[in-house]
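**Q** Chain residues, written in single-letter form:
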Amino acid sequence: EAAVTQSPRSKVAVTGGKVTLSCHQTNNHDYMYWYRQDTGHGLRLIHYSYVADSTEKGDIPDGYKASRPSQENFSLILELASLSQTAVYFCASSDVRGEQYFGPGTRLTVL
Amino acid sequence: TQTVSQSDAHVTVFEGDSVELRCNYSYGGSIYLSWYIQHHGRGLQFLLKYYSGNPVVQGVNGFEAEFSKSDSSFHLRKASVHWSDSAVYFCAGYQGGRALIFGTGTTVSVSP
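These protein sequence lines are chains C and Z, in that order. Numbering-wise (the numbering used here), the first sequence opens with residue 1 and increments by one. Numbering-wise (the numbering used here), the second sequence opens with residue 1 and increments by one.
In isolation and in its complexed conformation, chain C is listed as follows:
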């Protein structure tokens, strides 16, 4: 069974709208991450968290918020979606050994 799940798997949003991407892990990992992937680029870190109720900014946090209400759940929130936020978003979790386990991704299209 999948250890990291994401919902929705795809979404079309309107410019200026609010978007929430959800991630759930059953790995019992403390660390969770949100990345975005754009065509021709690797993954870039948006936010991460190493404990519930706490989040940290990654490399490209502008325009995004994150929420970690429990060890298992980590959400990414776009308060005012913009065209430039069209991308595939991946959630991942890891333990102290550092190996990251990725979800299947969410394809977000902002129109």
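No wet-lab data here; the hints were simulated from the structure. Worth double-checking, as some hints may not be accurate.
Here are the in silico distance ranges between beta carbons for each label pair [to be verified]: (1) Z:77 <-> C:84: 36 to 42 angstroms; (2) C:5 <-> Z:109: 26 to 32 angstroms; (3) Z:16 <-> C:109: 36 to 42 angstroms.
For each residue, glycine too, the CB sits at the ideal point set by N, CA and C.
Place chain Z on chain C using the hints.
**A** Showing chain Z alone in chain C's frame:
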């Protein structure tokens, strides 16, 4: 903070051939390097990692990688590729908080 670079955007090989994917890094503190594979439309999957000890590390499905401090490299190799190895391969380095910084990826196409 480390940086990682992958110089080859696309590599084409025939089934049964060997392949080497290049990754170079810049030292930024702790050494932690890894490789991930992404099949089309899927999330990334961990292949192998290096942080200390034997510079040659073995991963899943016959992949191995060799760490070189002198060359600042962590190249991935496989002796005999299969069509199912067609994917995008990402090298990743450690950037603190257990977060990774990824290279831009190398697309491997395996021809029959």
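**Q** Please go over all the hints and tell whether each is borne out by the structure.
**A** Against the structure, the hints come out as follows:
1. As the Cβ distance of residue 77 of chain Z to residue 84 of chain C is approximately 37 angstroms, the hint placing it in 36 to 42 angstroms holds.
2. The hinted range of 26 to 32 angstroms is satisfied by residue 5 of chain C and residue 109 of chain Z, whose Cβ atoms lie roughly 30 angstroms apart.
3. In this structure the supplied range 36 to 42 angstroms holds for residue 16 of chain Z paired with residue 109 of chain C, their Cβ-Cβ distance being about 40 angstroms.
Violated hints are absent here; each numbered hint is respected by the structure.
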